[in-house]
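Protein chains: 2
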Amino acid sequence: MELKDLRVNGNRLIEAIEASAKIGATANGGLERCAATDEDKAGRELLMKWFEECGCKVTIDEMGNMFAVKPGKNRNLGAVLTGSHFDTQKPGGRFDGVLGVVGGIEVLRILVENNIELERDFIVANWTNEEGGWFSPACMGSGVWVGNITKEWAYSRMDRDGLTRFGEEIERIGYKGDFPADHKRWNVEAAYELHIEQGPQLYREKIQIGAPKGILCLHWYDINLKGTANQVGPTPMIGRNDALLAFSEMNIVVNKVAHQMGNMVATVGEIQNYPNSRNIISDGVHFTVDIRSWDDDHAVKAWEMMKREFEVIAARRGCPITTEETWKVEHAPFDKVLFERVLETAEELGYSTRRMISGAGHDMSEVNQITRGAMIFVPSINGRSHVEVEDTPYEDCERGVNVLLQCILKTANEI
Amino acid sequence: MELKDLRVNGNRLIEAIEASAKIGATANGGLERCAATDEDKAGRELLMKWFEECGCKVTIDEMGNMFAVKPGKNRNLGAVLTGSHFDTQKPGGRFDGVLGVVGGIEVLRILVENNIELERDFIVANWTNEEGGWFSPACMGSGVWVGNITKEWAYSRMDRDGLTRFGEEIERIGYKGDFPADHKRWNVEAAYELHIEQGPQLYREKIQIGAPKGILCLHWYDINLKGTANQVGPTPMIGRNDALLAFSEMNIVVNKVAHQMGNMVATVGEIQNYPNSRNIISDGVHFTVDIRSWDDDHAVKAWEMMKREFEVIAARRGCPITTEETWKVEHAPFDKVLFERVLETAEELGYSTRRMISGAGHDMSEVNQITRGAMIFVPSINGRSHVEVEDTPYEDCERGVNVLLQCILKTANEI
Numbered sequence: 001m002e003l004k005d006l007r008v009n010g011n012r013l014i015e016a017i018e019a020s021a022k023i024g025a026t027a028n029g030g031l032e033r034c035a036a037t038d039e040d041k042a043g044r045e046l047l048m049k050w051f052e053e054c055g056c057k058v059t060i061d062e063m064g065n066m067f068a069v070k071p072g073k074n075r076n077l078g079a080v081l082t083g084s085h086f087d088t089q090k091p092g093g094r095f096d097g098v099l100g101v102v103g104g105i106e107v108l109r110i111l112v113e114n115n116i117e118l119e120r121d122f123i124v125a126n127w128t129n130e131e132g133g134w135f136s137p138a139c140m141g142s143g144v145w146v147g148n149i150t151k152e153w154a155y156s157r158m159d160r161d162g163l164t165r166f167g168e169e170i171e172r173i174g175y176k177g178d179f180p181a182d183h184k185r186w187n188v189e190a191a192y193e194l195h196i197e198q199g200p201q202l203y204r205e206k207i208q209i210g211a212p213k214g215i216l217c218l219h220w221y222d223i224n225l226k227g228t229a230n231q232v233g234p235t236p237m238i239g240r241n242d243a244l245l246a247f248s249e250m251n252i253v254v255n256k257v258a259h260q261m262g263n264m265v266a267t268v269g270e271i272q273n274y275p276n277s278r279n280i281i282s283d284g285v286h287f288t289v290d291i292r293s294w295d296d297d298h299a300v301k302a303w304e305m306m307k308r309e310f311e312v313i314a315a316r317r318g319c320p321i322t323t324e325e326t327w328k329v330e331h332a333p334f335d336k337v338l339f340e341r342v343l344e345t346a347e348e349l350g351y352s353t354r355r356m357i358s359g360a361g362h363d364m365s366e367v368n369q370i371t372r373g374a375m376i377f378v379p380s381i382n383g384r385s386h387v388e389v390e391d392t393p394y395e396d397c398e399r400g401v402n403v404l405l406q407c408i409l410k411t412a413n414e415i
Numbered sequence: 416m417e418l419k420d421l422r423v424n425g426n427r428l429i430e431a432i433e434a435s436a437k438i439g440a441t442a443n444g445g446l447e448r449c450a451a452t453d454e455d456k457a458g459r460e461l462l463m464k465w466f467e468e469c470g471c472k473v474t475i476d477e478m479g480n481m482f483a484v485k486p487g488k489n490r491n492l493g494a495v496l497t498g499s500h501f502d503t504q505k506p507g508g509r510f511d512g513v514l515g516v517v518g519g520i521e522v523l524r525i526l527v528e529n530n531i532e533l534e535r536d537f538i539v540a541n542w543t544n545e546e547g548g549w550f551s552p553a554c555m556g557s558g559v560w561v562g563n564i565t566k567e568w569a570y571s572r573m574d575r576d577g578l579t580r581f582g583e584e585i586e587r588i589g590y591k592g593d594f595p596a597d598h599k600r601w602n603v604e605a606a607y608e609l610h611i612e613q614g615p616q617l618y619r620e621k622i623q624i625g626a627p628k629g630i631l632c633l634h635w636y637d638i639n640l641k642g643t644a645n646q647v648g649p650t651p652m653i654g655r656n657d658a659l660l661a662f663s664e665m666n667i668v669v670n671k672v673a674h675q676m677g678n679m680v681a682t683v684g685e686i687q688n689y690p691n692s693r694n695i696i697s698d699g700v701h702f703t704v705d706i707r708s709w710d711d712d713h714a715v716k717a718w719e720m721m722k723r724e725f726e727v728i729a730a731r732r733g734c735p736i737t738t739e740e741t742w743k744v745e746h747a748p749f750d751k752v753l754f755e756r757v758l759e760t761a762e763e764l765g766y767s768t769r770r771m772i773s774g775a776g777h778d779m780s781e782v783n784q785i786t787r788g789a790m791i792f793v794p795s796i797n798g799r800s801h802v803e804v805e806d807t808p809y810e811d812c813e814r815g816v817n818v819l820l821q822c823i824l825k826t827a828n829e830i
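Which chain is which? The protein sequence lines are A and B, in order.
Taking my numbering, the leading residue of the first sequence gets 1, the next gets one more, and so forth.
Taking my numbering, the leading residue of the second sequence gets 416, the next gets one more, and so forth.
Chain A extracted, bound-state conformation (with noise of 0.2 Å):
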């Protein structure tokens, strides 16, 4: 059989999905998984059985990285790397990271059983917290690998309720390795990346593989807000100092401006109130606001104008402001050579396709900084994801992962 006659094995893919979906299952068919706690211990050692039962060396950096690794004919040439995350949302779904994952590994399975060696040593890895469910920021394993953070500062975040430490968690569970998490140990030359689109356009046009150009711009912001807390029935309306409803205002700006610029989305999706007592006037709001566009001034310029309106709500309602840029990704062009191979593989393969813009980010923001990377989306019912009921048809999981098979023998056979 010719190598461009590989098709993958659909049924062992279904089970790799399912067997990954009964660790950290929820109730409404969701997964809880968060990257560092007992259910994503469970999950690496499911994804240590199935690489060792490839006869992969399996490399676990000091972020929990993993690296399976098999070898190609010329070991001094760059790698192709792909991979994504096997940690969820709190709770998530089964297919976002899950099927990076499992489609490298489905890759790996049918390159062992036919017996094929490649020029170049391919690589498929689990990053570690891309999703920054319980400890964040995201994109956490990837971004040290990269150099964006450090080692010693993802170690020493939080959990959501404050009470422990990453790098404590990361070893308790036993997948805090001794290698270097940095991608100058490493030599690799091109990166894939299979995930399910976590947005409606494939879906709402019935198309089966999307290519993404890259990935739009991310800008994160924090912004604390102080009121003056008082017992609600004696402070007359006038006068007070009422962070809640300074927030509440700070909202509808955020939305407002994004419609206004267009180009763009912008969201609050995290606030905390204190006292956050129903008889109590508001003292304080934290709250963030995610912005986001293929171009990274306008994203700027968009926030410059939301601060601006911020100050001046905050001045009149007497609740003093503070902003801070959390985080800040540029947007991410993708190799336009490989981002053309995934759209010719689809359609070599006879899938309909579609240039697109992925608006989350991805393991594959980081890792397209230091390497060639590209994307390849498949769709997700209603456009749902981040949520319990993210699904994907089992179909279009299979024809995503022979355009990942394609383009890795493509790409790993190029000398």
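FYI, nobody ran anything at the bench for these hints, they're computed from the structure.
One should not assume that every hint holds.
Looking from chain A toward chain B, a few residues come up when the C-beta cut is under 7 Å (computed) [unchecked claim]: (1) Q231; (2) P234; (3) T235; (4) L245; (5) S248; (6) N255; (7) V257; (8) Q260; (9) N263; (10) T267; (11) I271; (12) S277; (13) R292; (14) D295; (15) I381; (16) V389.
Here are the simulated DMTMM-like pairs of lysine to aspartate or glutamate, each with C-alpha atoms no more than 20 Å apart in a straight line [what the hints assert, rightly or not]: (17) B/K716 <-> B/E745; (18) A/K226 <-> B/E745; (19) A/K41 <-> A/D159; (20) B/K505 <-> A/E113; (21) B/K472 <-> B/E417; (22) A/K4 <-> A/D159; (23) A/K256 <-> B/E664; (24) B/K671 <-> A/E113; (25) B/K671 <-> B/D712; (26) A/K73 <-> A/E113; (27) B/K456 <-> B/E604; (28) B/K488 <-> B/E534.
Chain B side only, calculated, beta carbon under 10 Å to chain A, not exhaustive [claimed, not checked]: (29) W635; (30) G648; (31) T682.
Keep in mind it's a predicted model, so treat the numbers as computed, not measured.
The beta-carbon is built from N, C-alpha and C at its ideal position, and this holds for glycine as well.
Add chain B to chain A, keeping to what the hints say.
The following block gives chain B in isolation, referenced to the frame of chain A:
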């Protein structure tokens, strides 16, 4: 010395407030002494000591309400009762509730050291769990005593963490008495409660004594919104169902209606947002609305206006809404004779006075339902209460207790 020339001992009053302030003291100068906790037990033991030093028999009822009785000459006449609560918010300040209890004790001490026998029994009460800071709802002890809630229901209430029941905890600290918690077992002719204002009016206008003509009505509503959770990046602005954004618009409606209608306060103090993650669109919000007015119908009309606007917002944002009326207390006018007596007595003492309305609920909201009641207010610095910095100048405390003393002398000698 004539009775009308009697004055309280200001230094002794300060000592009592400061002794109380040590039991459950917080690092920031406030108090945390929630009902049925170890701190409450320690506070009650101090009260027992003080009551017994005054030669009073103390009755502890099934709710832990404490009644120290100084018998009058005519025991068949109805008694005059004063008192407030020794429990606090979590955390709260040093004056809310405490002043009314130690003020009653100071009156007792003046009567005892001057060998004054009143015509009627004089009772100083410590009502259990007025704040509802750990076991909700508020006014639990006086509420059972008056007959508005049952003892069994109060016993079954769980603490904020959902770990213990009120009935078990009040027993554990040794203050679940045998005497029925039932006003019908007592014969009360009149009641006064001295309290800090908890609002800014007296302080802003530099008035020494406030006489509330009654307490505002109190309507509590709970609102739930459903949205659609999605990853923020790949989900376009148009077509979102963002429950937190719908909430923000609703909070602005609450504020707008309260301002437009006037003669009322309306507040959103509490919100829970789900999943409350910065990169997931909100799919659920619970929030509260607290409406208070002297006019019950006005408050109901305000809620109806809010609710109509809420429904329009919910439909436009695609966020289904449910609303529930959680608690409703009608406005409570105090006894006109006692209300005028507070004003007249304060003026006789040379203090500046103001007629007002209480925005906060008190044990007197309950007690006033079964006897003639009135309250005496002293200023709250900057109107702050239910916070650790809650403060009232000691001279104002002393003035308040002088008014209480003279009101009691007058009322308890009426035959």
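Now the hints, each set against the structure:
Because the beta carbon of A/Q231 sits about 5 Å from the nearest beta carbon in chain B, less than 7 Å, this interface hint is met. The criterion of a C-beta within 7 Å of any C-beta in chain B is met by A/P234, whose closest approach is roughly 3 Å, and the hint holds. Contact between A/T235 and chain B, as hinted, is supported at the beta carbon level, the nearest pair being about 6 Å apart and thus within 7 Å. The beta carbon of A/L245 comes within 6 Å of a beta carbon in chain B, closer than 7 Å, and the hint placing it at the interface holds.
Against a cut-off of 7 Å between C-beta atoms, the interface hint on A/S248 holds, since the closest Cβ of chain B lies about 4 Å away. For A/N255, the suggested interface contact is upheld, since its CB lies about 6 Å from the closest CB of chain B, less than 7 Å. Checking A/V257 against chain B by beta carbon gives a least distance of about 10 Å; that is not within 7 Å, so the hint is violated. Violation of the interface hint for A/Q260 is found here, the shortest Cβ-Cβ separation to chain B being roughly 10 Å, above the 7 Å cut-off.
Of the supplied interface hints, the one on A/N263 is violated, with its beta-carbon coming no nearer than about 10 Å to a beta-carbon of chain B, more than 7 Å. Hint status for A/T267: holds, given a least beta-carbon distance of 4 Å to chain B, under 7 Å. Taking 7 Å as the C-beta cut-off, the interface hint given for A/I271 holds, the closest approach to chain B being about 5 Å. For A/S277, the suggested interface contact is upheld, since its CB lies about 6 Å from the closest CB of chain B, less than 7 Å.
Among the interface hints, the one on A/R292 holds; its C-beta lies about 5 Å from the nearest C-beta in chain B, closer than the 7 Å criterion. Residue-level restraint check for A/D295 is violated (minimum Cβ-Cβ distance to chain B is 15 Å; threshold 7 Å). At about 12 Å, the closest approach between the beta carbon of A/I381 and any beta carbon in chain B exceeds 7 Å, and the interface hint on this residue is violated. Taking 7 Å as the C-beta contact cut-off toward chain B, the hint placing A/V389 at the interface is violated, the least distance being around 9 Å.
A C-alpha spacing of about 14 Å is found between B/K716 and B/E745, which places the hinted pair at or below 20 Å, so the restraint holds. Annotation: proposed proximity of A/K226 to B/E745 is violated, straight-line Cα distance about 33 Å (limit 20 Å). Among the hinted pairs, A/K41 with A/D159 is consistent with the structure: their alpha-carbon atoms are about 16 Å apart, no more than 20 Å. For a cut-off of 20 Å, the pair hint linking B/K505 to A/E113 is broken: about 65 Å separates their Cα positions.
Under the criterion of a C-alpha separation no larger than 20 Å, the hint pairing B/K472 with B/E417 is inconsistent with the structure, at around 27 Å. Simply put, A/K4 and A/D159 have alpha-carbon atoms about 46 Å apart, too far for the 20 Å limit, and the pair is violated. Restraint check for A/K256 and B/E664: the C-alpha separation of about 12 Å stays at or below 20 Å, so the hint holds. Distance check on the hinted pair: B/K671 and A/E113 sit about 70 Å apart at the alpha-carbon level, beyond 20 Å; violated.
With a CA separation close to 18 Å, the supplied pair B/K671 and B/D712 stays within the 20 Å bound. Our distance criterion of 20 Å between C-alpha atoms is met by A/K73 and A/E113, whose separation comes to about 17 Å. At most 20 Å may separate the alpha-carbon atoms for a hinted pair to count; B/K456 and B/E604 exceed this at roughly 30 Å. For a cut-off of 20 Å, the pair hint linking B/K488 to B/E534 stands: about 5 Å separates their Cα positions.
Checking B/W635 against chain A by beta carbon gives a least distance of about 7 Å; that is within 10 Å, so the hint holds. Restraint check, B/G648 versus chain A: the minimum CB separation of about 3 Å is within 10 Å; hint holds. At about 4 Å, the closest approach between the beta carbon of B/T682 and any beta carbon in chain A falls short of 10 Å, and the interface hint on this residue holds.
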